[in-house]
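K.L.:
The lines below spell out each chain.
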Amino acid sequence: MQQFLNVTLTGLGQGAIYAAFALALVLIWRSTRIVNFAQGAMAMFTTYLALTVIEAGQSYWVGLIVALAGGLLMGAVVERLVIRPVEGGPELNAVIVTLGLFVAIQALAAILFGSTFKSFPAPFDLRGFTVGEVNIAFTPNSIYVILAVVVVMVALVALFRFTDLGLKMRAAAFSQEVSRLLGVRVGRMLTLGWALAAVVGSLAGLLIAGGSLVYPAYMDGVVVFGFVAATLGGLDSPGGAVVGGLSIGLLLSYVSGYLGSELVALAALAILVAVLLVRPQGIFAKAAARRV
Amino acid sequence: MAAPTKDTEVGVPPAAAGRFAAFTRRMPSSTLGKHALTLLVAFVVVVLVLELTGPFRNSQFATMAYYGIAAAGLTVLTGVNGQISLGHGALMAVGAYTTGLMLAAEIPLLVTMLGAMAVTAAVGAVVGVAAARLHGPYLAGATLALAVGLPGLAIYFDHWLGGEQGMRIPSPQMPAWFSDAIYFLSATEASSAKYLAYIGWVTLLVVLFLLANLMAGRTGRVWRAVRDDEVAAELAGIPLGKVRVLAFVVSAACAGIAGAVLGIVVRLAAPSGFTIVLSLGLLTAVVVGGLGSLVGALLGSALLVFLPPFVTNVGTDIGLDNTQAAQLAPFVYGAVLVLVMLLAPSGAVGVLKKLLKKLWIGRSTRRTG
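If you read the protein sequences in the order shown, they are chains A and B.
Residues 1 to 292, numbered by the numbering used here, are exactly what the first sequence covers, in order.
Residues 293 to 661, numbered by the numbering used here, are exactly what the second sequence covers, in order.
Mixed in with the good hints there might be a few duds.
Computed spacing ranges between beta-carbons, pair by pair [stated by the list, open to error]:
#1 Leu332/B / Arg180/A: 37 to 47 Å
#2 Leu73/A / Pro531/B: 15 to 25 Å
#3 Asp520/B / Leu73/A: 55 to 65 Å
#4 Leu213/A / Asp609/B: 48 to 58 Å
#5 Leu213/A / Pro462/B: 48 to 58 Å
#6 Val418/B / Leu167/A: 40 to 50 Å
#7 Ala69/A / Arg349/B: 47 to 57 Å
Hints were generated in silico from the structure; no laboratory data involved.
We treat Cβ as the ideally placed atom computed from N, Cα and C, and that holds for glycine.
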C-alpha cells in the first residue's frame, strides 16, 4: 500500500511536468501544425543556461528567469529563421527540420557545457513529508513543481481567453487568411506562439532537472512522453494535454515502479499505438474525424 | 521491357540524344540487364578500392557498408513510399542482437544474416501495421518512441542480452577460399578487416541490386503512387494499408541485414550503440543524399563515415578538446539536415540532376544555334 501511494505521488509530480511539456507541443501544433521535436533539446539548452548562472553563484530564481527568457528568445529565433520557410509546406519537411534542430542543439550543448552528468539544484527540500510514522514520496519540491505548472496553465488560459493578444493568436491559428484580412500580423503571432511554447517547454525542462542530473540527452525520453501525452489529449486541446500528461505520468510511474524503469519508454510506445489505433482523435478532440 | 528506358531520355534535346543513343544502344535494353551490368561494374570497383586501401580504410568501408544498407532501406520507406521512420536504429539493434545470439549458437554466417533479416522483418511487420495508419508527425512520434524504447529491452533481459554492457558477438572465421582468392588477386595476406569489408560490400551490392529492381518495377510504382496521392492511388484500386506495410517490411529487412553486418564488424551489440542519434544519422544520410534515390543513400552513408573524422580534426585544430570535438560531427549532421531541407530539399542527387540537365540543354542549344 505504501509503495502504491509513493508510486502514485511520484507519478503525479512527473505527470505535471509532462503536462507542461505536452502543452508546449500543443501550443505549437495549434498555431503551425508542426510537432516540434526539438522542444526537448531547446528546453535542455535553457536548463544548461540556468545551471551556468547558478554555478556562477546566483540563486535558483535568477537561473529560472534566465532560462525562461532564453527560451522566449530561442523559440522566436527558431521560428523566424528555420521554421518559417517550411511552414505550410510538405509535413515531412517540417518534421525533418525540427529533428535536425534536435540533433544540432543537443550536440551544441555537449560542446559548450560538456557531456558529463551534472547535478542540478532543487529550490525546495527533497525529503518527503512524514504522515504519522510513514515517510511518503511527496516533497516540498513536488508541491513547487505542481504549483508552477498550475500557474503557467492559468496564465495561458487567461492570455488566450481574456486578452486581445490571445484572441489575435487564436485567430491567426484558426484561419491565417481571414485574420490577415482583419489586420492581424499573422507572422508575428506565429513567432510569439513559438516563443511562448519554448518558455513553457523550458519550464518543464527546469522542473525535471530540479534535484536530479542533467546531461545533453536528459530530455530525450521527455520528448517522447510529452508527445504521447499530447496525442492522448488529441494534440489540439490544451486541456487534453494536461489530462494526458497526468495520465501518462501515473501510468509510466506504475510501469517503472512495478515492472522496471527500462520498460518505461516501451510502455509509452504501447500507450501511443493503442491510443492512435483505438481513438486517433484523442480523448478530448472536438472534431469528429481527423487524419493521424 | 524497353519502355522504361524512354523515361530517362525525356528532356534531353535531339542533338544530345543522338550521341547519347549511340552509347545506350550498346547497353542491355532490359532494366534487369542494366542493373546486373551496374552490379558487375560496381563489384569490380569495390574489389579495386578494397585492395588498394589499407586495413584502416577497409574498416571504414565496412562501416559505410552497414550504414549504406540501412540507408537504402530507409530511402525506400521515406523517399519512395513517403513514410518517415526514426526507428531504424532500433531495428538495426534487433538485427545485431539476433546475429549475436545466432552466431553464439554456431550457426553459419549466411544463415545468421538471413535469420537476422527475417526476425527484423517480422518486427518491422508489427510496427508497419501500426505505422500504416499514421502519417507525418504522428508516425515520426511513434517511431521515435520505438527508437527510445526498444534498447530498454536489452537492459530488461540483461542475463540474456548482456544488459548495459552489451553482448559480445563472435567474429566469423575467414574461410580458406577467401584468403586464397585474396592472395591470388593481390599477393598479400587477407586481413580480417578486409574480410569484413568484403562481407559488408557484397551484402550492400546485393541489397542495392534487389531494391533497384523492386523500385523499377510494379511494386516501386505502386509505392510512389501511394506517396504522391493517396486518394488517387486508392481509386486506382491500390490497397493502401498492405502497400505501406510491405514497404515497412522491406525497409525493416534491410535494417536487419545492416544490423547483422554492424554486429560482426563492431563485434558488440550494446544499447548505447543504437541511440536516437543513430536513427537520426540515417535520416540525415537519406535526406542529404536525396530522398528516394539509392545512389543518394550511398552518398549519404559515405558522409556518415567520412565526415566525422574530418570534422573532429577541424574541431581539435580550432582548440576544442577531444570529447567536444567528437560532438562536432552530430552538430554538423543536424545543421546540414536543416540547411538541406531549407535550401535544397531534393538533396545532393537532386542538385546534381538539375546541374546535369542544365549542362545538356546548354550544350545542345549552343550547337543548334
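K.L.:
For each hint, tell me whether it holds in the structure or not.
P.N.:
Tested hints:
1. Leu332/B / Arg180/A: 37 to 47 Å: Distance hint for leucine 332/B, arginine 180/A is violated at roughly 59 Å.
2. Leu73/A / Pro531/B: 15 to 25 Å: violated, 49 Å
3. Asp520/B / Leu73/A: 55 to 65 Å: violated, 40 Å
4. Leu213/A / Asp609/B: 48 to 58 Å: violated, 32 Å
5. Leu213/A / Pro462/B: 48 to 58 Å: violated, 36 Å
6. Val418/B / Leu167/A: 40 to 50 Å: At roughly 46 Å between Cβ atoms, leucine 167/A and valine 418/B fall inside 40 to 50 Å, so the hint holds.
7. Ala69/A / Arg349/B: 47 to 57 Å: holds, 49 Å
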